[in-house]
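Take the sequences, apply the hints, and build the full model.
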Amino acid sequence: MGTGFSFRGISRLESTATNSAIEAACAIMHEADETFSLYKPDSPVSQLAAGKTSLDKLPHIVAEIWDECERLQKLTGGWFCAFTPQNTFDPSGLVKSWAAKRAADSMVADGIDDFTLNAGGDVFIADGTTDEESWRVGISKPVSIASEDSGALAVIDLRGTVYRGVATSGSAERGSHIWNPKNPELDPAKALQQITVIARDIVTADIWATAAYAEGIDSMRRLHAQQDIEALAVLADGQLAATPGFQALLAK
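Numbering (this note's numbering), first residue to last: 131 to 382.
Just so you know, these hints were derived from the structure itself, not from any lab. Just so you know, not all the hints are guaranteed correct.
[What the hints assert, rightly or not] Taking lysine-lysine pairs in the DSSO-like style, the calculated list, with each CA pair at most 27 Å apart, reads: (1) K320 with K204; (2) K170 with K187; (3) K187 with K204; (4) K204 with K312.
[To be verified] Across the chosen pairs, the derived CB separations fall in these ranges: (5) D186 with E164: 46 to 56 Å; (6) D317 with P215: 17 to 27 Å; (7) I275 with P314: 21 to 31 Å; (8) A321 with A381: 24 to 34 Å; (9) K182 with H160: 40 to 50 Å; (10) V238 with A282: 21 to 31 Å; (11) D317 with D279: 24 to 34 Å; (12) G375 with A282: 19 to 29 Å; (13) R201 with D358: 17 to 27 Å; (14) R201 with E153: 24 to 34 Å; (15) E153 with Q177: 20 to 30 Å; (16) I140 with G181: 20 to 30 Å; (17) D317 with N149: 44 to 54 Å; (18) A378 with Q177: 44 to 54 Å.
Even for Gly, the Cβ is constructed at its ideal location relative to N, Cα and C.
Encoded structure:
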């Protein structure tokens, strides 16, 4: 998927069981990569994009993700779209967090619930996390982490809240990889440099962050209307905009 995943936490299981749980979780993410990565020319989705196969001939999970992308497109008012401007099916905006959630669920099912998962900068916090610092999530400035100007824009503390997922969309690290499915000629003044969404789970956070970045500043009203979602956006001119409940999440 062109990114990295990492677990950090504590296991009360024996080392053999812990290693097995981690291996099983990683296998889930590797399988998702082998199936959906457009970086791999032989993956089923790459073959589909190249016109060398059809959806009905691919593993059933591809059709399930196709259907889920269509559902999410309707949910977000059309702003999340798994079809590129060239009409190629690219479910990357869903699959990364979908695979991360499945891997995290696998860890919990195997008896490890005290951990965090960083999925290419998006974060999942398991319910059993005991390290107080792990509940504090830094939101990066809208510049590359390799830049001298990089650092934290804000730090949120999710202890005692319903939120377990944090996702950020922008162009600082991966360039212009998010397309605008409804308005390719978006007014630059309404565009966002970056937006971070906090939600109950990592998939919800990721989907809404992608959709909001595509829509621009007008997305803040849409996000405000959603239940259990907060967001912080960096506008085109560098100013900040946030949903009403975001300030309460700032670390003290």
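To see whether the hints hold, each was checked on the structure:
The suggested pairing of K320 with K204 holds, with an alpha-carbon distance near 22 Å, which does not exceed 27 Å. For the proposed pair K170 and K187, the alpha carbon gap of about 18 Å is at most 27 Å, so the pair holds. At roughly 26 Å between alpha-carbon atoms, K187 and K204 fall within 27 Å of each other, so this suggested pair holds. A hinted pair counts as satisfied when its Cα atoms are at most 27 Å apart, and K204 with K312 qualifies at roughly 13 Å.
Look at D186 against E164: about 20 Å separates their beta carbons, and that is not inside 46 to 56 Å. The beta-carbon spacing between D317 and P215, approximately 18 Å, falls within the hinted interval of 17 to 27 Å. Taking 21 to 31 Å as the suggested C-beta distance range, the pair I275 and P314 conforms, at roughly 29 Å. A hinted range of 24 to 34 Å for the beta carbons of A321 and A381 is consistent with their spacing of about 28 Å.
In this structure, K182 and H160 break the distance hint of 40 to 50 Å, their C-beta atoms being roughly 23 Å apart. Between V238 and A282 the beta carbons are some 28 Å apart, a value that agrees with the proposed interval 21 to 31 Å. In this structure the hint that D317 and D279 lie 24 to 34 Å apart at CB holds, the actual value being about 26 Å. G375 and A282 have their C-beta atoms about 20 Å apart, which keeps the hinted 19 to 29 Å range intact.
Separated by about 18 Å at the C-beta atoms, R201 and D358 satisfy the suggested range of 17 to 27 Å. Restraint check, R201 to E153: a C-beta distance of roughly 32 Å satisfies the suggested window 24 to 34 Å. A hinted range of 20 to 30 Å for the beta carbons of E153 and Q177 is consistent with their spacing of about 28 Å. A C-beta distance of roughly 48 Å is found between I140 and G181, which places it outside the suggested range of 20 to 30 Å.
In this structure the hint that D317 and N149 lie 44 to 54 Å apart at CB holds, the actual value being about 52 Å. About 47 Å separates the C-beta atoms of A378 and Q177, a value consistent with the hinted range of 44 to 54 Å.
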